[in-house]
Structures are given as structure tokens and as C-alpha cells.
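Place chain D on chain Y using the hints.
As they're listed, the protein sequences go chains Y and D.
The numbering used here puts the first residue of the first sequence at 3, with every later residue one more than the last.
The numbering used here puts the first residue of the second sequence at 4, with every later residue one more than the last.
Honestly, I wouldn't trust all of these hints.
[Stated by the list, open to error] Below 30 angstroms or equal to it, Euclidean Cα-Cα: the simulated DSS-like pairs (lysine-lysine) are:
#1 Y/LYS209 / D/LYS260
#2 D/LYS411 / Y/LYS387
#3 Y/LYS361 / Y/LYS411
#4 Y/LYS387 / D/LYS207
#5 D/LYS71 / D/LYS146
Because the hints were derived from the structure by calculation, they are not lab data.
The chain contents come next:
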Amino acid sequence: MADQKTNKEQRYDRQLRLWGDHGQEALENAHTCLLNATATGTEILKNLILPGIGAFTIVDGHRVTGEDVGNKVLWVFMVLYRPNRAQAATEFLQELNSDVSGNFVEESPDKLLDNDPEFFHRFSLVIGVQLPESTCLRLGSVLWSAGVPFLVCRTYGLVGYMRLVVKEHTVVESHPDNALEDLRLDQPFTELKNHISTYDLDSMEKKDHSHTPWIVVVAKYLENWCNEHDLQVPKNYKEKEAFRQLIREGIRKNESGAPEEEENFDEAIKNVNTALNPTKISSAVDDIFNSEQCENITSQTAAFWLMARGVRDFVQNEGNGSLPVRGTIPDMIADSDKFISLQNVYREKALQDAAVVAKHIQSHLQAVGKPPESISEQDVKLFCKNAAFLRVVRCRSLAEEYSVDSFHKDTITSCMDSPDSEMVLYLMLRAVDRFYQQHSRYPGVYNYQVEEDISTLKLCVNSLLQEYSLNVNVKDDYVHEFCRYGAAEPHTVASFLGGAAAQEAIKLITHQFVPFNNTFIYNAMAQTSTTFQL
Amino acid sequence: MAEREEPEKKRSRIEALTENMLVDGGTTSDWQGRWDHVKKFLERAGPFTHPDFEPNTESLQFLLDTCKILVVGAGGLGCELLKDLALSGFRHIHVVDMDTIDVSNLNRQFLFRPQDVGRPKAEVAADFINRRVPGCRVIPHFKKIQDLDEMFYRQFHIIVCGLDSVIARRWINGMLLSLLVYEDGVLNTSSIIPLIDGGTEGFKGNARVILPGMTACIDCTLELYPPQINFPMCTIASMPRLPEHCIEYVRILQWPKDKPFGDGVGLDGDDPKHIQWVFQRSLERAAQFNITGVTYRLTQGVVKRIIPAVASTNAVIAAACGTEVFKIASSAYGTLNNYLVFNDVDGLYTYTFEAEKKENCSACSQVPQDMHFSPSATLQEVLNYLTDSTSLQMKSPDITTTLDGRNKTLYLQTIASIEERTRPNLGRTLKELGLVDGQELAVADVTTPQTVLFKLSFTS
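Extracted from the complex, chain Y is given alone in its bound form:
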């Protein structure tokens, strides 16, 4: 309905400006599963429901307790007539957005894994909250084989923890904060060279001279410089300074010999460094081109890799070692005509390059027997525009992280050189999991347990370090602190994690922006955080 559509556009306006209509569509087609509707779990879902995720399913076998209701968002009323957590949470969350469909399964994750592991195959993403280690590892293994992304989250006292488990996640639109421009001034393509040659700075009228785009100004002076310097662009600070001075001298002077106000020349001088950035392919993109998926194209190859191969073919042939031209230029002082015509030179080259890339892609599609419509022109254009920013995230499995043979000993040991680094919090979480395994409860839940549990937990820490031959020092203070926590889930820490996790989930679903890889620890005491690759 037209009304509903405009209402959605209005409702989601502020976020559409971040991930666009296509991102929103991906979100609305997603179905996520949440295991355990604790405070953290309900906060994560809330932050997915508000932006309009398609559907969610809560899996939770718990009954509601008084403590649950204390820190969970506003479903106090549910206690009296919906004693199971899954249903209670679903009903409350459903209220937040009528476009979203909510389901619940009143079952423990372990039971589900026993009886129907394929249950999890239908989801775009599974989020596991406050899971005991054994359940987590079991689930991790099922989801890894099924290729379903898994996000593990937990709030433990004043510590937040997230672990992303996804074999391979590709990102075309990473939206980098500080992207370098793609101006090609160090190796101008023919059409750009031709365009620049239509300018004769010395003979221009003053008005035109001061409204010539700085890109043209720099290109002109660069031509002169290269002719005098063996076709080499300015390389070091001294040469760049000399180059700036050359441009400065190009500023028109008035009758008394004082330089006129020419903002475009000021811009040119200011942008010399940017202009002289060598056109080259980043190592991240190089890695993508050298990946096995890019090399071996089959009928199973995903669109991302097919397009990457198309770009790689371009780079190795028509591109002469460079990516397809991006096609955008920054705004700069210039009159409309000069700016637009310059912009069009870049735009048209970008379109041309994208068409060549498309041809390469088509030949691969044909070779593996897939129809040409499999990859649209629009997708190719978007891919080419973002070619310099492509990212692939590959996380290690939980099995690899936990195995004595493949765990990241060096990472852990070097981080622990600073004994207060967030790594100690990771080790403590592993230790309390060990405690749970042995005693079927977490340390210090009741006041009377705290004192005694400190020494028991310490034994768990030591056995953990021993098992992994980790020669690191875990301060007693942290053992004490983790007993003090008593596995509490304070609302503000749960809420912090709820926001952080939801956004990672949105990144995974929309394939925009870049997810973390692969362990995130939040320390609410110091308000610090770190990401480790484990």
C-alpha cells in the first residue's frame, strides 16, 4: 500500500540514510534466532526490531524468575500470566514494531540440539546469549557446518563479551570513514589528459583562472614538473615543497605585483599531498584477488567472487595494474561548467571501466553455464565504485579457538604482558566456564559462597592456564572480582552489549560496514574495550 510504504520511509528515514533502501530490504528479509531472552538477549532483539528486522525467533526453556524481571526491560506485567521467558519476551518485543514477526520456542538450546539440530539452518543469523560453554561449542559446530553466522554474547558482571563466528563474510559497501580520493593524477588516463590539455592557464581570463578546479591546476603543473624531472612525480618532502612553490608562483598578480586572491590555487597547494598519493591497490584488495575463490570460478561461486574476478581480469589487462576508476571527485572551488565537465570525465571513465569489467564477468558466467542476468549491471557498477574498499572477514571457528593444538597462544601471551589488558577478562570468562562445568553453577551467586569460591575459581584459572601451557600471570584481584560479580547481568552493561551486538548483526545481514573479527571485550569499570582475533 502506498500509505504503508511512505510511513515506513518516514519511520526508517534516519537509518535509510546510513544503509539505503537496499540495506533496509536485506534487513526486512532476515530472520534471526535468539537463544535465551535474558536482559542482554532482549536488548539485542529490541535494537533489531526497532529498525525493522523481518522476523525473530526466541529459543528459551527458562521460567521467569523475580531476578529476571528486575533487569529486563519492562515486561513486569508478563510475570503473572506468561511464566515462561520465551513467550513473555516475544510478546513484549512484538509491541515495539508491528512490521516484525516474532516467534518463540519454549525449549532449551541443548534439547533442540539433541532433537532437531537442523532447526537452526533456516536463520540468517543465530545469536546465543549467556550460553554455557558446552552448549556454545555444540551449537558452534552445527552452525559452522551449516554456514550460518553465529554471534555469541554474554554479560558477566561489568564485563561484556562478543564472539563472531562466520566462515566468510564479504562486504562490498564498507563505507570507510576516511577514504582516499581516486584522482589518477600520477597516471592520468587518456580522457583526463585530453581534458587537461584543453586548458591554457597562462592565457585564461582572470575570472576563469581563479575558477579552474584545483585538480586541473595540479595536473597542469605536474605535467611541467615531470617534463623537467625525467617524468618523475615529486617524491619527498623537499620536492613536494618545491612543487607547491611552483603552483604558488602561478597565482596571478595585480598591477602592484601582489598576489591576487585565488582560492582555487590555495586549494591546489593544500591538496598537493592528496594529489600525489600513488594510485595503487591495497593489500586487502590484493588478498581478495589472490583468494582461492577468486581463482577458481565454478557454478557455485558467489556473486562477490565472480565480480572480484571480473575486476581482477580488468586490473591485469585493460586497467594496466589499476582498479576501475571510481568516478567521483570532491567538491572544489570552480565555476559550475568547469567542475561538471571535469566530473563527467571521471564519471564516464568509470562507466566505461565498469562495462569492461561486466564483459569479463559475463564470460565467466557463460563458462560456468549461468545466465547473464545472474549479476546485474547495477551490481557491477556498485562493485566497481567500491573496488578499493572491498573487505572479506573470515573468523576462526570456536573449535579452533578452544583446541589446545590451534588456540592463539602468542596473541594471549603478548596481550598479557600488560596484566590489566582486557585479555585477562577473557581468561576469567573461560575460567568461570570451567567452574560451571565442574560445579553446575557460577561462582559467588550467593553471598555466602563468595569467600570460598575465590579459591575454587583460582584452581580453575590455574588448570586452564596449565592445560594450554600459558605462562601468564592472572592477578588475584580478578579472581576475587569475578566471584564478586556472582554471574550478575547488570542492565546497563547488558544494554551496552545489546547495542553493540545488534549493530554487528545488522552488518552481517546487510553486508554493509565491517563486522569485528572475532572477539570483543568491554570493560565497564574502565569504559575501555579491545578486539582480539582468537
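For chain D alone, coordinates are given in the frame of chain Y:
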């Protein structure tokens, strides 16, 4: 499968159930286990607690019964803050917000429902929390922060802000500074009301803890809020290059000329008919210059200066602020010292640092600000300095001084008749105006509730 019930019926059933839950209908609306997760931090000793912390059972009562918190703003951050505080044990909360609810708020301001559009944010937010969190009492104020006075702000133990304007932040900052009591030049620390300030923009955010008079205040770090860059007029008027330039042309130049909706009718960014008009005219302008890219969404974004926003960033920053409020109220841990930056565009990035108190801060340093001008400089130059300097960034300063023992208004913009009368002073030199070396100027501005004193030093 979850059942679907009509919203109204559900609401009244919820209220009835909540009523039944209250044990004696009064202050003890607590059930077994409700505050367990909070008590662990108040009743247990620990190695990282604040040096002043003593485990005790009274802290919880203080939180529940006595501690008074003010939440400034009931928008993206405000809604999250109210929830965070209510579920952390705070029960005496006030919330101030001058806005009403818009459809575009609903993607993150979760205390509001579609049927609340048009109603005051503060009132709907307070209502929601009061009805759903037994024992919690949120009192709303549908007002501008400037409409409330010293007496009002003085009553709070902690103030936490979720504002979307630097001017408003500076005003609250100034208000709390004005409440400080100095005895013989020494700050009486019991007059300090801690200020926790949060801000978000897209996927970026920050949270900071300010102890007015002791740590860096908002104005100490004004360079962290660079002034908004507007496009140069010559670009807008005669050489547009971007679709944004075309839109600004229509907004700034064409609208006042064409008066499309009548004389004196200003452009209302919230009126779709107005935006549609601007959109069409912008397309025409763009076509003249072969500029592509003007869309309705872009038009609205430029006219309303829209900042993109999502639920997740607001949740993160509000939670960080909420944690700090809890730490201060309970002394359970040392607070954030004192500025946290967050960005989750690429992975998750946080950076924590200690912003430094500026020795000569115009807001909190207690010393008159130095100003250096030649006696032949005009008052206009002084005015420009007040508005353009990155450390002052005033909006429309009123300048007064004392001459021949009497109060004299040099220039006042905020009252039209006085503006007209004092306008000629702008062209006069400081010498002509009778000002001398060492002259004290008092400047009032919307960015601060107190006047700022400047000392004029003449350069040769």
C-alpha cells in the same frame, strides 16, 4: 506463536496487573530477587571499588528512595537513559524535553508508539516508565531547559544529558557552574552536581563525565565540536556544483523571494508540502547547471540538517552514561576519567582519554577573559571575534560595559529596537566608544546562562 491483542485492551490489562503486583501500593513494590543484580555491587567488597566504598545495605535504599536524577532530553538517548536508570534502581527521575514526537523518531525512541505522534516526548516517556516499572516515578517537563531555573536544577544529585545541540549542552554546563559555591576562592565540593553527557551521530558516539569546577567542562573542549560549515554564498548564488548547493539556493534565496505559501510564512522542514516545493525548485536549478543527484530525501536532509541515527549507537552511549550514573551514585567504582569515544563503522572502536580542564576557559575558569584589540579596531571586529573564535563560538552576543559609572549597552542583538539603536556602534572604533585599556566588557549569549567577563587590553 504470540497472540496479538488490541493495543488499548492490552494496555489496560497491563495496568491492572501492575496494580495487583504492588505489595502495599506504596514504596515497597519490590518482589523477591528484583534487585539482586544491583545488590551484588552494593553489598559486596571488591578489589576495584572506589577507595571510599564500603559495602552496605543502605546504598540500595539511597538509590531507590533518595537519589534524584535529571535526564535532559527524551529522544534517542533520553528514552534509553530513562530505561537504564529505572532498571538500575533509580526511582526519582525528572525528564526535560521541549519536543513532540515525530514518526521518524520511532526507529529508535522506543518508549513511543505510532499513536503517540504529536504528543510531548517528556510526557509520553514518563508515562511509559511510570506505568511499566512499579515504584519508579518519572516527572516530565515539557519545556526548554532555559525555562527552568536554578532552584530546579539544584535539587538533583546527578544530571545526565542526551541532547542534540551544542548550545543546549553549553547552557546546562553554564547553569551547573553557576551553582558552584566558592569560599575564599576554594570550591565547596558539596555544591558540585556531576554532569554526564552523551552524544551520538550515525555510528559514532561519545560519553563524558564532568565534575563542574573540578574537571574539564563542555567549554574547555569546545574544539571537539567544530562549528557547522556552511557553503559559501557565491557558490550557492552563482556557481553551484553539488545537488546540495542547489537545495541551499532554493532554501536561502528563492523561498524568501517567491514566498510560495504566503507572506511571512517561513520554511518549515517538517511540512512535506514545503519540502516538496523546495525539491521541485531544486531540480529546476540543478537542471540549469547539469547537476544530477537532487532527491526528495537529500532535500529534506539538507533543509532540516538531518543527522542519521540508529537505535544501536544510542543504546551503547546511553548505557555507558547509565553505568557512570550508577558508579557515582553508589561509589561502587571509580568513574570514567573522563571522555569515551565510540565508533562501530569498522569493527568496534573505543578510545578513552582524560580531557583537560582549560586554565582560561571562558566558562569555568573564574578569571575574566583576555581580549586584545587595537583602539582603532571597530566593535564589529570584537563581535566577530566572539562568534568566530573556536574557543568561544558565541551565537548572538550582547555586549555591555560600565562607562562613567553607568551601565552602557554597546550592542544588543536580542531585542529588535535596541539592536537598531546600537547598530551604529558596530562601525565605531573602541576609542570612539570611550573604552580604555583594561576595560571590562560583560557579554551575554544563548550559549551560557551567566554573563562572561572580558578584559580589554589595547595593542599599539
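_Just to be careful, I want the Cα atoms of D/LYS71 and D/LYS146 compared with a cutoff of 30 angstroms; is the pair within it?_
Within the cut-off at roughly 19 angstroms; holds.
*Would the pair D/LYS411 and Y/LYS387 pass a check requiring their Cα atoms to be no farther apart than 30 angstroms?*
violated (61 angstroms)
*Regarding the pair Y/LYS361 and Y/LYS411, is the alpha-carbon distance no greater than 30 angstroms?*
With a Cα-Cα distance of about 47 angstroms, the restraint between Y/LYS361 and Y/LYS411 is violated, given a limit of 30 angstroms.
*Is the hinted pair Y/LYS209 and D/LYS260 satisfied, with a Cα-Cα distance of at most 30 angstroms?*
holds (28 angstroms)
*Would you check the hint for Y/LYS387 and D/LYS207, treating anything up to 30 angstroms between C-alpha atoms as holding?*
holds (24 angstroms)
The earlier numbered hints that this structure contradicts are 2, 3.
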